Amino acid sequence: MAIAGHLRLHLERISNMSRFIRISQCLLNITGVVLSSLLLSITISYFLILDSAINTLYFSIYAGIIMSVILFIWVFLPSSFPTQCCRAWFLLPLLFILLCIGSGL
Amino acid sequence: MNSTLRARIYALHGSVGFCFGLMLLIILWSGVWSMVNRSMEKWWRFDASIIIEIPAIETHINEWLSVYEQQLDTLPENFTTQLPSERTPWVTFCHEQQSCDLTIDPITHDALKILKPMDLLTQLHRHLLLDFPGRILVSLFGVSLLLISLLGIWLHRRRLKDFWQLRFTKNIQLLGSDIHRLIGLWCLPYLLFFGLTGAISGLGALGTITLSKYTHPTSPQAVFMDLMGAPIPQPKTTENWQQQPDIAAILQLDKRQNPDFIPQSLSFHYWGNTDALLEIAGIYHGVISPKTFEKHLYHLSTATLLRKYSAQDRGFWLQNYIANQPLHYGEYE
Chain Y
1 MAIAGHLRLH LERISNMSRF IRISQCLLNI TGVVLSSLLL SITISYFLIL
51 DSAINTLYFS IYAGIIMSVI LFIWVFLPSS FPTQCCRAWF LLPLLFILLC
101 IGSGL
Chain P
1 MNSTLRARIY ALHGSVGFCF GLMLLIILWS GVWSMVNRSM EKWWRFDASI
51 IIEIPAIETH INEWLSVYEQ QLDTLPENFT TQLPSERTPW VTFCHEQQSC
101 DLTIDPITHD ALKILKPMDL LTQLHRHLLL DFPGRILVSL FGVSLLLISL
151 LGIWLHRRRL KDFWQLRFTK NIQLLGSDIH RLIGLWCLPY LLFFGLTGAI
201 SGLGALGTIT LSKYTHPTSP QAVFMDLMGA PIPQPKTTEN WQQQPDIAAI
251 LQLDKRQNPD FIPQSLSFHY WGNTDALLEI AGIYHGVISP KTFEKHLYHL
301 STATLLRKYS AQDRGFWLQN YIANQPLHYG EYE
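For the record, the sequence lines run as chains Y and P.
Read in this note's numbering, the first sequence has 46 at position 46, and its numbers run on one by one without any break.
Read in this note's numbering, the second sequence has 114 at position 114, and its numbers run on one by one without any break.
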C-alpha cells in the first residue's frame, strides 16, 4: 500500500505542468552532460598521444565515463537553470578545448 | 551540507531510483544468474561422469580429436576445442562460426547433451535481447547505478553510526527507510564495483567503435587488430601434410615454455594443410585477462611459435579495459 501510494504521488507530480518543465530541463542537462563527456573523449583521443594509439583510445573512454559521472552530479547541484545549462553544455568542454590548444597539443 | 543541497541530492537520488529501479533490479538479478550460469551448467549435466581430477590435456588431446573425427567423418578446416576445466569438466568442439556440434565426456568419450536453460537470462543481462543497442542501454544503467550509489552514500555519510539501526515502530515508512539504508550500505561495494565494470563493458565497446576514427585515422578497422591481435595468416601452400602433426608434443612444449599458462581452448586453422596453425588460448596465473587476449600461435607441422599475445605487454589503460571483463563476469580462477 505504501509503495502504491508513493507511486501515485510521483505520477501526480509528473502530470503537473511545472514538473513537466523540470523534467524537460533535466533531459536537456543530461543530453548536455553526455555530449560534453563525448566531446572530452574525442578531444583526448584526437590530441593526446600516449605510448600507443589503442592505449590513448581506452584512456579517453575512461576519462569520458568518469567525467560524465562527476559532471552529472555537479550539474544538478542547486543553481539556476541557466547555470546548470552552462555547466552541462559549454563551460567544461570550452575549458578543455582551451586547455588543449593552450598546451600545444 | 545546507538543506537545499541535501534536498536536491535527495530528490535526484529518489528520481533516479524511481525511474530506473525496476530495470536495475532486473539487470542485477539476471547478472547474478549469469555469473553462476557456468557452475549451474555442471548441475544440468546429469549424464556427465563424476570427474574428481581434470585429465591431462597433453595425454588425451589426440583421443578427443579422434572422437570428433569419427563423429564428422572428416575434421573441418577450421575448428575450436574448448578444453575441460573445473567448472566445465567436458570437451566441446565448435566450428569457426561458433556453432558447437559435439560435447564429450573427457574420460569416457560419451557424447553429452547440451542443456542451457539459463541462457535466456544471460542474454537478457548482456543486451536485453536487443543486440548492440541493448548492450549500450545496459551499460547506461550501470552509470545510473553508479550515480544512485554515490548519491546514496553522500546522503547517509553522517549517519553511518546508525548502520545497524532498525526502528520497529508503527511507522512503516521509517522502517522501510532503515532497511533501504542498511541494504544499500551493505551492498555498496558490490554496487559500485559492478556498476563501474558494467558501464565500462558496454560503453568501452561503443567507445572503441566511435573513437577509432580519431586514434586510427588511416584505418579505423585497425583498432580491432590492435586490440585482438593480427588476423591468422593465410597458408602459403595448398599441399596437405603426409602425417598428422603431434599436437600433444606442441602442448607439452608450450607448457614447458609457459609454466604459468593454463590453456582453455585450442583453435585449429587450415587443418590438413602443411601450413596448418594452432592457436592456444588461455589464462596466466596472476594476470587479470581472459583467454581472448592471451594467445600463443604455433605452426603445426614444424611446432614453432609464430607469435604470442598477452595483456602483460599492453599499455596501462588497455590492460585496465582487458581486466574489466573477467572482473565483471566473476572469472577469478
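Derived from the structure by calculation, the hints contain no laboratory data.
Owing to the predicted nature of the structure, the values given are computational and were not obtained by experimental measurement.
Some hints could be false.
[Stated by the list, open to error] Calculated Cβ distances over 12 Å to all of chain Y for the following chain P residues:
1) Leu-12
2) Leu-28
3) Met-35
4) Val-36
5) His-60
6) Leu-147
7) Lys-213
8) Leu-318
[Said to hold, decoys possible] Stretch-level coverage of chain P by chain Y, calculated; a stretch enters the list once three of its residues show a Cβ under 8 Å from a Cβ in chain Y:
9) 124-135
10) 183-192
11) 250-263
Note that beta-carbon positions come from the ideal geometry of N, C-alpha and C, so glycine has one too.
*asked:* Taking the earlier hints as the rules, which of them does this structure contradict?
replied: 1, 6, 7, 8, 9, 10, 11
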